[in-house]
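Asker: If you want the building blocks of each chain, they are given just below.
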Amino acid sequence: MEKLAGQNKKKSFREPGTDSTYLIKTENLSKIYPIGLTTLTALDNINLAFVKGDFAGLVGPSGSGKTTLLNILGSLDSPTTGSAVVMGKKVETLTHREAAGLRNHHIGFIFQTFNLLPVYSVYENVEFPLLLQNFSSSGRKKLVMDALEWVGLADRAFSKPLQLSGGQSQRVAIARAIVKNPELVLADEPTANLDAENSRNIMDTMARLNENLKTTFIFATHDEKVMRYLKRIITLNDGRVAKDERAAGEGT
Amino acid sequence: MIKFLIKGLLRDRSRSLFPVLTVSSGVFLAVVLYSFMNGVIADMINSTARYQTGHVKVMTQAYAEESNQMPNDLALTGINEITQTLKDNYPDMIWTARIKFGGLLDIPDEKGETKDQGPVTGLAVDLFSPSSPEWDLLRIEKSIIRGRIPVERGEILIGDEFAGKLDIAPGDTATLISSTMFGSMAIYNFKIAGTVRFGISAMDRGAILADIADIQEALDMQDTAGELLGYFPDNIYNDEKAAEIAASFNRQFKDPDDRFSPIMRTLPVESGLSDYIAMIDSMGVIIVSIFIAAMSIVLWNSGLMGSLRRYGEIGVRLAVGENKTHIYKTLILESLFIGIFGSVIGTAAGTGVSYLMQIYGIDYGYLMKNSSMMISNVYRAKVSTGSFFIGFIPGIVSTVLGASIAGTGIYRRQTASLFKELEV
Ligand SMILES: Nc1ncnc2c1ncn2[C@@H]1O[C@H](COP(=O)(O)OP(=O)(O)O)[C@@H](O)[C@H]1O
Ligand SMILES: [Mg+2]
Chain B
36 MEKLAGQNKK KSFREPGTDS TYLIKTENLS KIYPIGLTTL TALDNINLAF
86 VKGDFAGLVG PSGSGKTTLL NILGSLDSPT TGSAVVMGKK VETLTHREAA
136 GLRNHHIGFI FQTFNLLPVY SVYENVEFPL LLQNFSSSGR KKLVMDALEW
186 VGLADRAFSK PLQLSGGQSQ RVAIARAIVK NPELVLADEP TANLDAENSR
236 NIMDTMARLN ENLKTTFIFA THDEKVMRYL KRIITLNDGR VAKDERAAGE
286 GT
Chain W
30 MIKFLIKGLL RDRSRSLFPV LTVSSGVFLA VVLYSFMNGV IADMINSTAR
80 YQTGHVKVMT QAYAEESNQM PNDLALTGIN EITQTLKDNY PDMIWTARIK
130 FGGLLDIPDE KGETKDQGPV TGLAVDLFSP SSPEWDLLRI EKSIIRGRIP
180 VERGEILIGD EFAGKLDIAP GDTATLISST MFGSMAIYNF KIAGTVRFGI
230 SAMDRGAILA DIADIQEALD MQDTAGELLG YFPDNIYNDE KAAEIAASFN
280 RQFKDPDDRF SPIMRTLPVE SGLSDYIAMI DSMGVIIVSI FIAAMSIVLW
330 NSGLMGSLRR YGEIGVRLAV GENKTHIYKT LILESLFIGI FGSVIGTAAG
380 TGVSYLMQIY GIDYGYLMKN SSMMISNVYR AKVSTGSFFI GFIPGIVSTV
430 LGASIAGTGI YRRQTASLFK ELEV
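Chains as they are written, first to last, in our numbering: chain B, 36 to 287; chain W, 30 to 453.
You may find that some hints are simply not true.
Unchecked claim - Under 8 Å between C-beta atoms, here's a sample of chain W residues computed to sit facing chain B: (1) G37; (2) G341; (3) V345; (4) A348; (5) G350; (6) E351; (7) T354.
Claimed, not checked - Think about it this way: if two alpha-carbon atoms lie no more than 25 Å apart in a straight line, the pair counts; the simulated SDA-like pairs of lysine to any residue are: (8) W/K36 <-> B/R191; (9) W/K353 <-> B/L105; (10) W/K353 <-> B/G136; (11) W/K194 <-> W/T150; (12) W/K144 <-> W/S208; (13) B/K195 <-> B/Q147; (14) W/K32 <-> B/R175; (15) W/K36 <-> B/P196; (16) B/K177 <-> B/D190; (17) W/K353 <-> B/H131; (18) W/K36 <-> B/M180; (19) W/K353 <-> B/T130; (20) W/K36 <-> B/L167; (21) W/K36 <-> B/S200; (22) B/K125 <-> B/D279; (23) W/K270 <-> W/I111; (24) W/K220 <-> W/D196; (25) W/K32 <-> W/V426; (26) B/K125 <-> W/I439; (27) B/K176 <-> W/K36; (28) W/K194 <-> W/G131; (29) W/K358 <-> B/F170; (30) B/K195 <-> W/L46; (31) B/K278 <-> B/S65; (32) B/K60 <-> B/D273.
Please keep in mind that the hints were generated in silico from the structure rather than gathered at the bench.
Note that the Cβ used here is the ideal one computed from N, Cα and C, for glycine as well.
From just these sequences and the hints, can you work out the full model?
Answerer: This is the structure we're talking about:
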């Protein structure tokens, strides 16, 4: 574990005038989709802040805006009005290239459907984010093997994704998300395609990462099993924050 | 990163094998089509030049006006002197006199009675002077089917099919019944030395090849010939040079007021093949344009399908932090690999097949039984420098063009909606 933490030296690139207390802060954030002649308000005036080490979940029924918010926080989408500051960057002002840089260095994604690249081995899938950065091949090898070690799949490094079970695939996806040791991991319904045991297994893994590396996790989920792990539960309803609660034993 | 991409390309057949197959078959078709048309046109020009027009042809102006009627009464007299002048003025060219004639060929039985008779056209060429270029020009030895080549005066060659029709064989006698240059009846006995295949349906079915001295004697045409043909020494028609020679000759010898003064005409003017010759030049351009347009559309579409199929992959790459421009560049780089690879395969296969068609040819004589066109019965492709580029360059251009157009889909779509493809 210390090995992974060792390379967590990223130069600050916080924009002046942004609040460094928070890893993420949204202000009056709204997302409105045009639907024919009318519009659909997917997110309505969201004001949320996350600090380093948060292990938080966006919960709520389908269509409540969880994915949309997660995509904006991950700089894959931008708000229609309002603002989202992610690690000192205003998402709404980033160019494609800047947004890609933010994701590449600071954010890991985990999806419901794993989304491993089928023609590449487990090792190559996990290695891919590092290829976009300037690591030596021995440096990459060490990081990839460390990450696979973390998720308990070092022995499957040269398997192909199709040879893995769903639980194993999702653990590879977690390794891919954490291999570059990002500050933030965004996970959209990570357990929706998994059985109870595998769900527990991957949540354990992520809780451990959060505990040891202080990596911030934000989930979108409506899975009870996931909610039990969360330190903070933000309930969305019709694109609005209905509740924002800390779990028992958590401060504030 | 490039290594990573190539690995993916090689492992994912729908990304490598199928596009390569598409490109190589397109390139293959373009190469074969081009070489084939090239060969057919070159053949057409060749056989026209060989039997009919030469690369340039000298006649009297009067003969030129009615040349398709073989008007030997209008033939060129003083042929030896004119030939010498031509040899002096244009020493690089090969010059040879010929007479075309028509008449009846009469086949006698043992008693000398007519056994069979048929209309005949004939070509009289110099067979027996030691420096005669005709053996090479007409490839006489190669076209013998039965019998042997003529070795002395009075011997002729006859179209093999014609011989079959008249039921005569080498060694038999045949009598030509025609008219002299001055309009009286001409009768001349020949011995059949052998049968030949001219490679032109009309001639195979009704022509003989005789020595020019015999015909001059038979038709009373001493020192006279209908036509004087000139050939480039490499036997390849060069329009520019031919036009230049004709112009200089006509300036010097053509007298507009004297119908019996000589005129020189070039192959395209004399044969009406000028359109075909122009076609050779524009053909390349046409094939390339059609090919690029068609292939780009095909590849664009397969590129579109490919990228649709790959939105998942592209979504992951975006999520991991690759930017759109980088992804776009890698798509184009991939297409460049595929274009080069497919074009190499297609060009190799295309020129290979064309080369086989150049050596063996496709005989379509059976399709032309009743034609009187003076073209060769064998389609032959011709591999030229153009064959190597006609498919290769467009293959690469259209692959890359197709990918560039299809790839813009990445930009046209919102990042988030590319990303949405990741959701089930
Ligand atoms: N690209 C889009 N265009 C139009 N409407 C969209 C688009 N993306 C999401 N929506 C709508 O926004 C709302 C929120 O969607 P989403 O964030 O996916 O919800 P959740 O993830 O909570 O199920 C839904 O009503 C959905 O139909
Ligand atoms: Mg969702």
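Asker: Determine for every hint whether it applies to the structure shown.
Answerer: Each hint, compared with the structure:
1. G37: At about 5 Å, which falls below the 8 Å cut-off, the nearest Cβ of chain B leaves the hint on W/G37 intact, so it holds.
2. G341: Where the cut-off is 8 Å and the nearest Cβ of chain B is about 6 Å from W/G341, the hint holds.
3. V345: Hint on W/V345: holds, closest Cβ of chain B at ~5 Å, below 8 Å.
4. A348: Check passed: Cβ of W/A348 comes within 4 Å of chain B, closer than 8 Å.
5. G350: Since the shortest Cβ distance to chain B is 2 Å, the answer is holds.
6. E351: Hint on W/E351: holds, closest Cβ of chain B at ~6 Å, below 8 Å.
7. T354: holds, 7 Å
8. W/K36 <-> B/R191: holds, 19 Å
9. W/K353 <-> B/L105: Roughly 20 Å separates the two Cα atoms, so the pair holds.
10. W/K353 <-> B/G136: holds, 11 Å
11. W/K194 <-> W/T150: holds, 15 Å
12. W/K144 <-> W/S208: With Cα atoms ~22 Å apart, W/K144 and W/S208 stay inside 25 Å; holds.
13. B/K195 <-> B/Q147: holds, 19 Å
14. W/K32 <-> B/R175: holds, 15 Å
15. W/K36 <-> B/P196: The given pair, whose Cα atoms are some 15 Å apart, holds under the 25 Å limit.
16. B/K177 <-> B/D190: holds, 14 Å
17. W/K353 <-> B/H131: holds, 7 Å
18. W/K36 <-> B/M180: Holds, at about 20 Å.
19. W/K353 <-> B/T130: holds, 11 Å
20. W/K36 <-> B/L167: Given pair W/K36, B/L167 holds - Cα atoms ~16 Å apart, limit 25 Å.
21. W/K36 <-> B/S200: Answer holds: W/K36 to B/S200 is near 24 Å, not above 25 Å.
22. B/K125 <-> B/D279: holds, 23 Å
23. W/K270 <-> W/I111: Since the Cα atoms of W/K270 and W/I111 sit roughly 20 Å apart, the hinted pair holds (cutoff 25 Å).
24. W/K220 <-> W/D196: holds, 14 Å
25. W/K32 <-> W/V426: Roughly 23 Å between the alpha carbons, so the hint for W/K32 and W/V426 holds.
26. B/K125 <-> W/I439: Holds, at about 23 Å.
27. B/K176 <-> W/K36: Status holds; Cα separation ~17 Å.
28. W/K194 <-> W/G131: OK: W/K194 and W/G131 at ~18 Å, within 25 Å.
29. W/K358 <-> B/F170: Judged against 25 Å, a Cα distance of about 21 Å means the pair holds.
30. B/K195 <-> W/L46: holds, 20 Å
31. B/K278 <-> B/S65: Distance ~17 Å between B/K278 and B/S65 Cα, so the pair holds.
32. B/K60 <-> B/D273: holds, 20 Å
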